[in-house]
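S.K.: Sequence:
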Amino acid sequence: MFTAFLIKYAEIGIKGKNRYIFEDTLIARMNQALRKVEGSFSISKEMGRIYVNTQGPFDYQEAVEALQHVFGIAEICPVVIVESKPVEELGKDLISYVEHAYPVHNQTFKMHVRRANKRYPGTSMELNAEFGGILLEAFPQMRVDVHNPEIFLQVEIREKVYIYSQSIPGPGGMPVGTNGKAMLLLSGGIDSPVAGYMISKRGVTIDAVYFHAPPYTSERAKQKVVDLARLVAKYSGPIHLHVVNFTEIQLAIYEKCPHDELTIIMRRYMMKIAEELAKKSGCLGLITGESIGQVASQTMHSLAATNEVCTMPVFRPVIGFDKQEIVDIALKIDTYETSIQPFEDCCTIFVAKHPVTKPNLEYIRKSETKLQDVIDDMLKTALETAETILVE
Numbered sequence: 001m002f003t004a005f006l007i008k009y010a011e012i013g014i015k016g017k018n019r020y021i022f023e024d025t026l027i028a029r030m031n032q033a034l035r036k037v038e039g040s041f042s043i044s045k046e047m048g049r050i051y052v053n054t055q056g057p058f059d060y061q062e063a064v065e066a067l068q069h070v071f072g073i074a075e076i077c078p079v080v081i082v083e084s085k086p087v088e089e090l091g092k093d094l095i096s097y098v099e100h101a102y103p104v105h106n107q108t109f110k111m112h113v114r115r116a117n118k119r120y121p122g123t124s125m126e127l128n129a130e131f132g133g134i135l136l137e138a139f140p141q142m143r144v145d146v147h148n149p150e151i152f153l154q155v156e157i158r159e160k161v162y163i164y165s166q167s168i169p170g171p172g173g174m175p176v177g178t179n180g181k182a183m184l185l186l187s188g189g190i191d192s193p194v195a196g197y198m199i200s201k202r203g204v205t206i207d208a209v210y211f212h213a214p215p216y217t218s219e220r221a222k223q224k225v226v227d228l229a230r231l232v233a234k235y236s237g238p239i240h241l242h243v244v245n246f247t248e249i250q251l252a253i254y255e256k257c258p259h260d261e262l263t264i265i266m267r268r269y270m271m272k273i274a275e276e277l278a279k280k281s282g283c284l285g286l287i288t289g290e291s292i293g294q295v296a297s298q299t300m301h302s303l304a305a306t307n308e309v310c311t312m313p314v315f316r317p318v319i320g321f322d323k324q325e326i327v328d329i330a331l332k333i334d335t336y337e338t339s340i341q342p343f344e345d346c347c348t349i350f351v352a353k354h355p356v357t358k359p360n361l362e363y364i365r366k367s368e369t370k371l372q373d374v375i376d377d378m379l380k381t382a383l384e385t386a387e388t389i390l391v392e
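With the first letter of the sequence shown counted as 1, position 297 gets the number 297 in the UniProt record's numbering; the numbers rise by one all the way through.
To be clear, the hints were calculated from the coordinates, so they are not data collected in a lab.
None of the values given here were measured: they were computed from a predicted structure.
Among the hints, erroneous ones may be present.
If you anchor each label on the Cβ, the simulated ranges turn out as follows [to be verified]:
no.	residue 1	residue 2	range
1	179	384	26 to 34 Å
2	17	105	43 to 51 Å
3	219	15	41 to 49 Å
4	167	301	45 to 53 Å
5	311	384	15 to 23 Å
6	166	343	35 to 43 Å
7	377	11	41 to 49 Å
8	214	354	26 to 34 Å
9	392	105	42 to 50 Å
10	108	75	19 to 27 Å
11	392	337	54 to 62 Å
12	320	248	33 to 41 Å
Taking lysine to aspartate or glutamate pairs in the DMTMM-like style, the calculated list, with each CA pair at most 20 Å apart, reads [claimed, not checked]:
no.	residue 1	residue 2
13	370	255
14	181	276
15	332	126
16	370	387
17	272	373
18	353	255
19	8	65
20	160	93
21	110	126
22	332	368
23	358	368
24	201	334
25	366	255
26	118	88
27	323	334
28	110	99
29	201	75
30	118	46
31	272	130
32	45	23
33	280	377
34	110	130
35	45	75
36	332	322
37	370	248
Each residue gets a CB set at the ideal place from its N, CA and C atoms; glycine is no exception.
Produce the complete structure using the sequences and hints provided.
M.R.: Below is the structure:
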């Protein structure tokens, strides 16, 4: 039945002279998403509207799902396009639309006509009344309700005429690629994929780094993170996932440093490596899934100690969320079931029984001096041997 989709956006609409940049980026992301859908599509931009036009048969559900993963889209409206013609003939098209779109015809409705083509005779108000009258005559059990209608019928008169009544929610946000690039520290947990999703929603392109510790972490643990990156990439677009072998560094910390400081020192070196990879990738910041007070390494004191080694900004999109709020988003974006698979990552292998929650930076730096003979070479090796996987 439907031959096109009208795409509505929210925040992009308040942009100024550079709005076309956001629109063009949104169209590029839509094209990227629709390439995986059965069918042929073309996207056009006309007077503040974006249309996805279909050529021939296509998978409706797949197309809608693909568009629901494109940040920047506020609403997806399935549309029937007809040729411009006199009101009486358009009324027949409107009747046909209602017959096919709604199995019963006893609902309340509201008519809204937008006459973008000012050459078309009549005003929008007059056309509202005429089309409403045609529908009431065709469907006597239907009633008009302008305040709380069950069906909101919309007609846009341009060079052609667009008829629609459904509005499917999009993900909102800004098109990915309009707000720079950042490096996500991606573990196998629940929080970091959600953080990646949330920062992408603000238009940020992401790469990711995963710290692997074989043989203490399995290949299945690594595959789990690749799977999580793939789920995030449905929203963010392709992700370059850097897999860093962290075993030697982790063992050195375990052997030479106080065990209550293990997690903080380990996190500091992770941040150093992530920042180096971020610089090489043209990123402007780091992203983590840390939430204040959730675990010992995420107290205010611990986060300050972790931040101290970074020169780049560190973005923490879930910083003020409680666990259930993060879980709710993970369920929404389908990462939760993968995140809870029982494969340990390197953050859970060497965990102190009683980790420090208020680390003293002076003590932490002093502990790190015990690594000074080996750590530079280890960091260099970790960076040089990192494996990069393109995840789409």
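S.K.: Can you name, in rising order, the numbers of the hints this structure does not satisfy?
M.R.: Per hint list: 11, 15, 16, 22, 31 violated.
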